[in-house]
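A.B. asks: In the order they appear, the protein sequences are chains A, B, C and D. UniProt numbering puts the first residue of the first sequence at 1, with every later residue one more than the last. UniProt numbering puts the first residue of the second sequence at 1, with every later residue one more than the last. UniProt numbering puts the first residue of the third sequence at 1, with every later residue one more than the last. UniProt numbering puts the first residue of the fourth sequence at 1, with every later residue one more than the last.
It is worth saying that the hints were derived from the structure and are not from the lab. In this text the structure is predicted, and so the values were computed from the model without any measurement. Be aware that one or more of the hints could be misleading.
No more than 35 Å apart at the CA atoms, straight line, and that leaves these computed lysine-lysine pairs for DSBU-like [to be verified]:
| # | chain 1 | residue 1 | chain 2 | residue 2 |
| --- | --- | --- | --- | --- |
| 1 | A | Lys150 | D | Lys59 |
| 2 | D | Lys2 | A | Lys139 |
| 3 | D | Lys59 | A | Lys139 |
| 4 | B | Lys139 | B | Lys150 |
| 5 | B | Lys139 | C | Lys2 |
| 6 | D | Lys59 | D | Lys2 |
| 7 | B | Lys139 | A | Lys139 |
| 8 | B | Lys150 | A | Lys139 |
| 9 | D | Lys2 | A | Lys150 |
| 10 | C | Lys2 | B | Lys150 |
| 11 | B | Lys150 | C | Lys59 |
| 12 | C | Lys2 | C | Lys59 |
| 13 | B | Lys139 | C | Lys59 |
| 14 | A | Lys139 | A | Lys150 |
| 15 | B | Lys150 | A | Lys150 |
As a plain string of letters, each chain reads:
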Amino acid sequence: MTVRLQTEPFDLGAEVARLTDGRSDVGAVVTFMGVCRDRTDSGAELVALTLEHYPGMVEDELSRIEAEARARWSLADALVIHRHGRILAGEPIVLVVTLAPHRAAAFEAAEFLMDYLKTSAPFWKQEETADGRSWVAAKATDDAAADRWKK
Amino acid sequence: MTVRLQTEPFDLGAEVARLTDGRSDVGAVVTFMGVCRDRTDSGAELVALTLEHYPGMVEDELSRIEAEARARWSLADALVIHRHGRILAGEPIVLVVTLAPHRAAAFEAAEFLMDYLKTSAPFWKQEETADGRSWVAAKATDDAAADRWKK
Amino acid sequence: MKLLYFAWVRERVGRAEEEAEAPAGVSTVAELIEWLRGRGPEYEHAFEAGPAIRAAIDKRHARADAPIAGAREIAFFPPMTGG
Amino acid sequence: MKLLYFAWVRERVGRAEEEAEAPAGVSTVAELIEWLRGRGPEYEHAFEAGPAIRAAIDKRHARADAPIAGAREIAFFPPMTGG
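Just chain A, same shape as in the assembly (with noise of 0.2 Å):
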C-alpha cells in the first residue's frame, strides 16, 4: 500500500507491473488516471493546471483515505501517486490502482479513493488560459459523489 505526492509524471504500465508482477492471488486490477484536458469547463483552450498542496497535510489525509479504503474492501494491495506544481495540458495529474481478489471491491475501492481525493485531499487547481490564470472551483457533483460512501 502506498502513497506518493510528486512533481514529475508517472508510468500507468510500469506502476501496474510493479504492482502485479510475481504475484497470482489477485483476479482483478483497476487503475483511474486523471488527465490535464485541454479544454476548461467553459470550453476556453487551457494550456496548463497548476496544483497548490498543503505540505505535510497532504501526505497524512492520502494515507487516511488509504487506509479507509482498506478497512472497507479487502485489497491485496493499492497505490495513489498524486502531482503537484504545473501539469501540461494531455499529462496525467492522478494514478489510483486497487488490487483485489474480484472486480467488485477493485471498483468500488478505486471510485472511493478518487471521491476522496477530489473532496478531502488538500490540493487547489489554478487553471492558465489566454486570459490569465484562475482558480478552479470546487463542484457540487464531487461532494454528492463523496457523500454515496457515508454510511
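Starting from the structure of chain A, add chains B, C and D where the hints point.
C.D. replies: Using the frame of chain A, we list chains B, C and D on its own:
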C-alpha cells in the same frame, strides 16, 4: 473503439499509451484487467484456465456490448481485449479501457462492459488443477451485477 | 440446420457440431431441446439441466420461446463464464 | 499559533502564513474567522465567503465549531479541487 480476441497476452501499459498518446481532450482513463488467479473459489491450487469460445458469435457479441456502452455514455474511446485458449495462473485474461471527459462515465462504462462480458460474451472457463479439469460454474452475483444496468 | 455445442454440453453430446432437421411441430428453442433429449442418453444427459442451457440462433442469444424457423445455425451452451 | 492560507484565500490575505494570538473569547474556528475579518479589508475579502472557507487544525480537517484551544497550526483554504 476496438474489440480484440486473441490467444497471446497483452500489455496494459502499451495499450493505454496507444489510446491516450497525442490526445488531450480526455480527463479520465479507467482500466480493468482480469487476471488468472492461482486458486479456485474452493481454494484448490489452479495451474491454468482454458477458455473455450464460440468463434464468430464472440466477436459479434463483444462489438454489441461495446456499442451499447458507447450509446449509454459519452466515451472518447474504448478498448476490449479478451483472450482465449490456455492461460496460466498470474497471466491476464481480459482488459477493458474507457476514456471519457470525466470520471463517472469512464468508471460506469468500464463496469458495464465487464458485467456484460461476464454474462453475455460466449466464453467458458475450464479450470486445471492437480485433480484434473472442470468447468467453472456461472455465478449468480455476475447475473445480479449485469441486471443493475437494465432500464 | 447446423447444431453447435459448447463446453460441457459439447462434452456430454460427444460432438461439437452436426447437421439436423427437426420434424414438423418443433418450432421453438424449447421444443428443439425436447426433441433432442429424445435422441439418446447422451442428449438426455446434456440437456437434463433444462432451462439452465442457453441457446443462440445464428450467433445471437435466443430465449427458450424463440422461433427456430429459418435458422441456419443453433448453438447450445452452459451459462457463460468469460471475463 | 501559526496561521496558514492556501489558494485564493492566500492571495486575498496577501501572505501564506503568519503568527497570531487570538484574544480571549475566541475559542472556535468560526470565532477565529470572525476575529480575522476584523483585522483589515484583505482579511474581510478573504473570508467574506464565510462557511465556504474550509479549515484544518494541526493538518486535520476541522469544522466551524471545532475548538482551537491548544492548536499549533490552523490553515484556511477554499474547497479542495484535487484529483
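A.B. asks: All hints are to be evaluated individually against the structure, with a verdict given for each.
C.D. replies: Results of checking the hints against the structure:
1. Lys150/A x Lys59/D: Cα-Cα ~22 Å, so holds.
2. Lys2/D x Lys139/A: holds (30 Å)
3. Lys59/D x Lys139/A: holds (23 Å)
4. Lys139/B x Lys150/B: Answer holds: Lys139/B to Lys150/B is near 18 Å, not above 35 Å.
5. Lys139/B x Lys2/C: Cα-Cα ~30 Å, so holds.
6. Lys59/D x Lys2/D: Measuring from Cα to Cα gives roughly 12 Å; hence the hint holds.
7. Lys139/B x Lys139/A: This hinted pair is violated, its Cα atoms lying about 38 Å apart.
8. Lys150/B x Lys139/A: holds (29 Å)
9. Lys2/D x Lys150/A: holds (32 Å)
10. Lys2/C x Lys150/B: holds (32 Å)
11. Lys150/B x Lys59/C: The given pair, whose Cα atoms are some 22 Å apart, holds under the 35 Å limit.
12. Lys2/C x Lys59/C: holds (12 Å)
13. Lys139/B x Lys59/C: holds (23 Å)
14. Lys139/A x Lys150/A: holds (18 Å)
15. Lys150/B x Lys150/A: This hinted pair holds, its Cα atoms lying about 26 Å apart.
Hint violations for this structure: number 7 only, all remaining hints satisfied.
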